[in-house]
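Q: For reference, the chains in residue letters:
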Amino acid sequence: MRRIALAVSFALLVTAVTAAAESGPAASPPAPSPAEATLKAWNEAYAMLIEMAEDFPEEKYDFKPTPEVRSFAEQLLHVTGSPYFFISVCSGQRGGEGPFTREKYKTKAEVVAALKKAAEAGAAFIGEQGDAGLNKPAKLPWEKEASSALWVWSVGARHASEHYGQLVVYYRLNGLVPPASR
Amino acid sequence: MRKMIVVLLVMCLWVLSAAPIRAQQPAPSGPASEVLRSWNYIGKRLIDMAEDLPEDKYDYRPTPEVRTFAEQLLHVAGSNYHFIDTARGRELGPEDLPREKHRTKAEVVAVLKKSFEEGAELIRQAGDEGMGKQVKYPYGNRQMSQYGFWLDPVEHAGEHYGQLVVYYRLNGLVPPASRR
Numbered sequence: 001m002r003r004i005a006l007a008v009s010f011a012l013l014v015t016a017v018t019a020a021a022e023s024g025p026a027a028s029p030p031a032p033s034p035a036e037a038t039l040k041a042w043n044e045a046y047a048m049l050i051e052m053a054e055d056f057p058e059e060k061y062d063f064k065p066t067p068e069v070r071s072f073a074e075q076l077l078h079v080t081g082s083p084y085f086f087i088s089v090c091s092g093q094r095g096g097e098g099p100f101t102r103e104k105y106k107t108k109a110e111v112v113a114a115l116k117k118a119a120e121a122g123a124a125f126i127g128e129q130g131d132a133g134l135n136k137p138a139k140l141p142w143e144k145e146a147s148s149a150l151w152v153w154s155v156g157a158r159h160a161s162e163h164y165g166q167l168v169v170y171y172r173l174n175g176l177v178p179p180a181s182r
Numbered sequence: 001m002r003k004m005i006v007v008l009l010v011m012c013l014w015v016l017s018a019a020p021i022r023a024q025q026p027a028p029s030g031p032a033s034e035v036l037r038s039w040n041y042i043g044k045r046l047i048d049m050a051e052d053l054p055e056d057k058y059d060y061r062p063t064p065e066v067r068t069f070a071e072q073l074l075h076v077a078g079s080n081y082h083f084i085d086t087a088r089g090r091e092l093g094p095e096d097l098p099r100e101k102h103r104t105k106a107e108v109v110a111v112l113k114k115s116f117e118e119g120a121e122l123i124r125q126a127g128d129e130g131m132g133k134q135v136k137y138p139y140g141n142r143q144m145s146q147y148g149f150w151l152d153p154v155e156h157a158g159e160h161y162g163q164l165v166v167y168y169r170l171n172g173l174v175p176p177a178s179r180r
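Residue numbers (our numbering), protein chains in the order written: chain Y, 1 to 182; chain X, 1 to 180.
Be careful, since some hints might not be right.
Here are the in silico distance ranges between beta carbons for each label pair [stated by the list, open to error]:
{"id": "1", "chain 1": "X", "residue 1": "65", "chain 2": "Y", "residue 2": "136", "range": "45 to 53 Å"}
{"id": "2", "chain 1": "X", "residue 1": "64", "chain 2": "Y", "residue 2": "95", "range": "27 to 35 Å"}
{"id": "3", "chain 1": "Y", "residue 1": "50", "chain 2": "X", "residue 2": "88", "range": "30 to 38 Å"}
{"id": "4", "chain 1": "Y", "residue 1": "58", "chain 2": "X", "residue 2": "65", "range": "20 to 28 Å"}
{"id": "5", "chain 1": "X", "residue 1": "88", "chain 2": "Y", "residue 2": "139", "range": "35 to 43 Å"}
{"id": "6", "chain 1": "X", "residue 1": "85", "chain 2": "Y", "residue 2": "99", "range": "32 to 40 Å"}
{"id": "7", "chain 1": "X", "residue 1": "63", "chain 2": "Y", "residue 2": "136", "range": "40 to 48 Å"}
When the alpha-carbon atoms are kept at most 27 Å apart in a straight line, the in silico DSSO-like pairs for lysine-lysine are as follows [claimed, not checked]:
{"id": "8", "chain 1": "Y", "residue 1": "60", "chain 2": "Y", "residue 2": "116"}
{"id": "9", "chain 1": "Y", "residue 1": "136", "chain 2": "X", "residue 2": "101"}
{"id": "10", "chain 1": "X", "residue 1": "44", "chain 2": "X", "residue 2": "101"}
{"id": "11", "chain 1": "Y", "residue 1": "144", "chain 2": "Y", "residue 2": "116"}
{"id": "12", "chain 1": "Y", "residue 1": "139", "chain 2": "Y", "residue 2": "60"}
{"id": "13", "chain 1": "X", "residue 1": "136", "chain 2": "Y", "residue 2": "40"}
{"id": "14", "chain 1": "X", "residue 1": "133", "chain 2": "X", "residue 2": "57"}
{"id": "15", "chain 1": "X", "residue 1": "57", "chain 2": "X", "residue 2": "136"}
{"id": "16", "chain 1": "Y", "residue 1": "60", "chain 2": "Y", "residue 2": "106"}
{"id": "17", "chain 1": "Y", "residue 1": "40", "chain 2": "X", "residue 2": "105"}
{"id": "18", "chain 1": "Y", "residue 1": "139", "chain 2": "Y", "residue 2": "117"}
{"id": "19", "chain 1": "Y", "residue 1": "116", "chain 2": "Y", "residue 2": "104"}
{"id": "20", "chain 1": "Y", "residue 1": "144", "chain 2": "X", "residue 2": "113"}
{"id": "21", "chain 1": "Y", "residue 1": "139", "chain 2": "Y", "residue 2": "108"}
{"id": "22", "chain 1": "X", "residue 1": "136", "chain 2": "X", "residue 2": "105"}
{"id": "23", "chain 1": "X", "residue 1": "136", "chain 2": "X", "residue 2": "114"}
{"id": "24", "chain 1": "Y", "residue 1": "139", "chain 2": "X", "residue 2": "44"}
{"id": "25", "chain 1": "Y", "residue 1": "104", "chain 2": "Y", "residue 2": "40"}
{"id": "26", "chain 1": "Y", "residue 1": "144", "chain 2": "X", "residue 2": "133"}
{"id": "27", "chain 1": "X", "residue 1": "114", "chain 2": "X", "residue 2": "101"}
{"id": "28", "chain 1": "Y", "residue 1": "106", "chain 2": "Y", "residue 2": "116"}
{"id": "29", "chain 1": "X", "residue 1": "57", "chain 2": "Y", "residue 2": "64"}
{"id": "30", "chain 1": "Y", "residue 1": "136", "chain 2": "Y", "residue 2": "64"}
{"id": "31", "chain 1": "Y", "residue 1": "40", "chain 2": "X", "residue 2": "133"}
Listed next, the stretches of chain Y that the computed footprint assigns to chain X, with coverage defined by at least 3 CB atoms under 8 Å from CB atoms of chain X [unchecked claim]:
{"id": "32", "region": "39-48"}
{"id": "33", "region": "62-76"}
{"id": "34", "region": "86-99"}
{"id": "35", "region": "104-110"}
{"id": "36", "region": "139-152"}
Hint data in this document are derived by calculation from the structure and do not stem from the laboratory.
Think of the CB as a built atom: it goes at the ideal place given N, C-alpha and C, for glycine as much as any other residue.
Pulled out of the complex, with its shape left as it was, chain X reads as follows:
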């Protein structure tokens, strides 16, 4: 009799201990890993280009009034830092990091990489729970979920990546992502 009670109690404990594991399984991945994937994806595309384009073309611009290749990359890095600094509660720097301060290809690549690495670290730290929290948007007096907050620089980086695709073609070059 006593054995039977012990067996049944062990069964109850087993069901209870298994419960949280089963509850976590249905989601293929959480919001933090989704947004991190998007962030790293567009980051890699831009970093691949920054590393690939010959340095002597870094100051190319298709028309006189627009940003050069280097200025586009420094603009993406600068806006990434607007989101990173907002998330850290720091004062915002310039949205266009100055070319005079990032003179070489190596320096441009380094600051671009660093901006994507620092953002990735913040997304990882916030985790799924953090992604649902309301945070301050860098511009204006707006609040949004942290998930939406990080999607914004992803879309922004995508827009500038698209511009650089055309810069490549205008130089007779094939963008890294279109090579087979």
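One chain only, chain Y, in its complex shape:
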């Protein structure tokens, strides 16, 4: 009797533990996934910036609408540095060849090349991490609490869009039509 009771109880315990272990993966959302959508948003935002960087005349690269803000080139170098910053927030590893200063990136070709490389570094990181990696906790230094790497990269994509929006007005102030509006 005792043996049967023990055997039954043991079997129940094994079943319970197995059920607990299996319910994890079953809870993950179906495809297409948040990581894929974030990668798409990232690539779209950076593609628009790269298109502008390649299109804008080099002699206007140092244009700024008011004295206290970033020039066209400085805006691009700012969004060139940010992917490496977001990677370091998520992984602790600081990549890239920063600081991305105008003194270091003197020509249009140098700015475009650095921007492209940074966009690819961000895309590669999002792709490698996937949903599992982006689900890991990460904390932006200016935020009180940690959230997830997914949040960090959605901030990254939106950040790029905001600077793209500024450059739209830089175009117009120079009597030029932004590539996306032609």
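We have chain Y; now place chain X onto it with these hints.
A: Leaving out everything else, chain X in the frame of chain Y:
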């Protein structure tokens, strides 16, 4: 003996009942709350600006061919409604809400706020499960996950927010987010 069986059975029940809780814990937050956070974040930035900019500058535009400050805000609200109305299966209205219909600063602020509130409500209702579902995109004959669907107006709002940052500077004003 009987006591021992009861104890073991209680232990089994305890493990079984604890299982779903443990399975939910590893995710710091789900896709619905992530996208809702992004949506509310850019919404707040735009609403802060809309409330902050003096009303006499609402019709400012940096060059003659582009949208005024008010028109930019009404454009964001109109495109938000394209996503909201698509999600509700309703017919789409104009992407640029007409300035003639939203004459005062208070009216512009109100419609902008309402668009972000209605979108937030739809994201909350859909939840994590809904975010993984395929939905119709407002433009063209495309399908995408509901997560990607809502990221789109977030990026769009970010682009227009960026433009308004420069409108601020051109008026000798510091954008609310850059004040310390």
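Q: Decide, hint by hint, whether the structure agrees.
A: The hints, checked one at a time:
1. 65(X) to 136(Y): 45 to 53 Å: Taking Cβ atoms as reference, residue 65(X) and residue 136(Y) lie about 46 Å apart, which means the hint holds.
2. 64(X) to 95(Y): 27 to 35 Å: violated (44 Å)
3. 50(Y) to 88(X): 30 to 38 Å: holds (36 Å)
4. 58(Y) to 65(X): 20 to 28 Å: Between residue 58(Y) and residue 65(X), where Cβ atoms are some 24 Å apart, the hint holds.
5. 88(X) to 139(Y): 35 to 43 Å: holds (36 Å)
6. 85(X) to 99(Y): 32 to 40 Å: For residue 85(X) and residue 99(Y) the Cβ distance comes to about 46 Å; the hint is violated.
7. 63(X) to 136(Y): 40 to 48 Å: Cβ of residue 63(X) to Cβ of residue 136(Y): about 45 Å, so the range 40 to 48 Å holds.
8. 60(Y) to 116(Y): Roughly 20 Å between the alpha carbons, so the hint for residue 60(Y) and residue 116(Y) holds.
9. 136(Y) to 101(X): violated (46 Å)
10. 44(X) to 101(X): holds (23 Å)
11. 144(Y) to 116(Y): Violated, at about 32 Å.
12. 139(Y) to 60(Y): Answer violated: residue 139(Y) to residue 60(Y) is near 37 Å, above 27 Å.
13. 136(X) to 40(Y): holds (17 Å)
14. 133(X) to 57(X): violated (43 Å)
15. 57(X) to 136(X): The given pair, whose Cα atoms are some 38 Å apart, is violated under the 27 Å limit.
16. 60(Y) to 106(Y): With Cα atoms ~13 Å apart, residue 60(Y) and residue 106(Y) stay inside 27 Å; holds.
17. 40(Y) to 105(X): violated (35 Å)
18. 139(Y) to 117(Y): holds (24 Å)
19. 116(Y) to 104(Y): Since the Cα atoms of residue 116(Y) and residue 104(Y) sit roughly 16 Å apart, the hinted pair holds (cutoff 27 Å).
20. 144(Y) to 113(X): holds (26 Å)
21. 139(Y) to 108(Y): violated (34 Å)
22. 136(X) to 105(X): violated (33 Å)
23. 136(X) to 114(X): holds (23 Å)
24. 139(Y) to 44(X): holds (21 Å)
25. 104(Y) to 40(Y): violated (30 Å)
26. 144(Y) to 133(X): violated (32 Å)
27. 114(X) to 101(X): holds (15 Å)
28. 106(Y) to 116(Y): Measuring from Cα to Cα gives roughly 16 Å; hence the hint holds.
29. 57(X) to 64(Y): Holds, at about 21 Å.
30. 136(Y) to 64(Y): violated (39 Å)
31. 40(Y) to 133(X): holds (17 Å)
32. 39-48: Answer holds; 4 residues pass the 8 Å Cβ test.
33. 62-76: Contact hint for the region 62-76 of chain Y vs chain X: holds, 4 residues under 8 Å.
34. 86-99: violated (count 0)
35. 104-110: With 0 residues closer than 8 Å to chain X, the region 104-110 of chain Y misses the three-residue bar; violated.
36. 139-152: Held - the region 139-152 of chain Y has 5 residues with a Cβ nearer than 8 Å to chain X, which meets the minimum of three.
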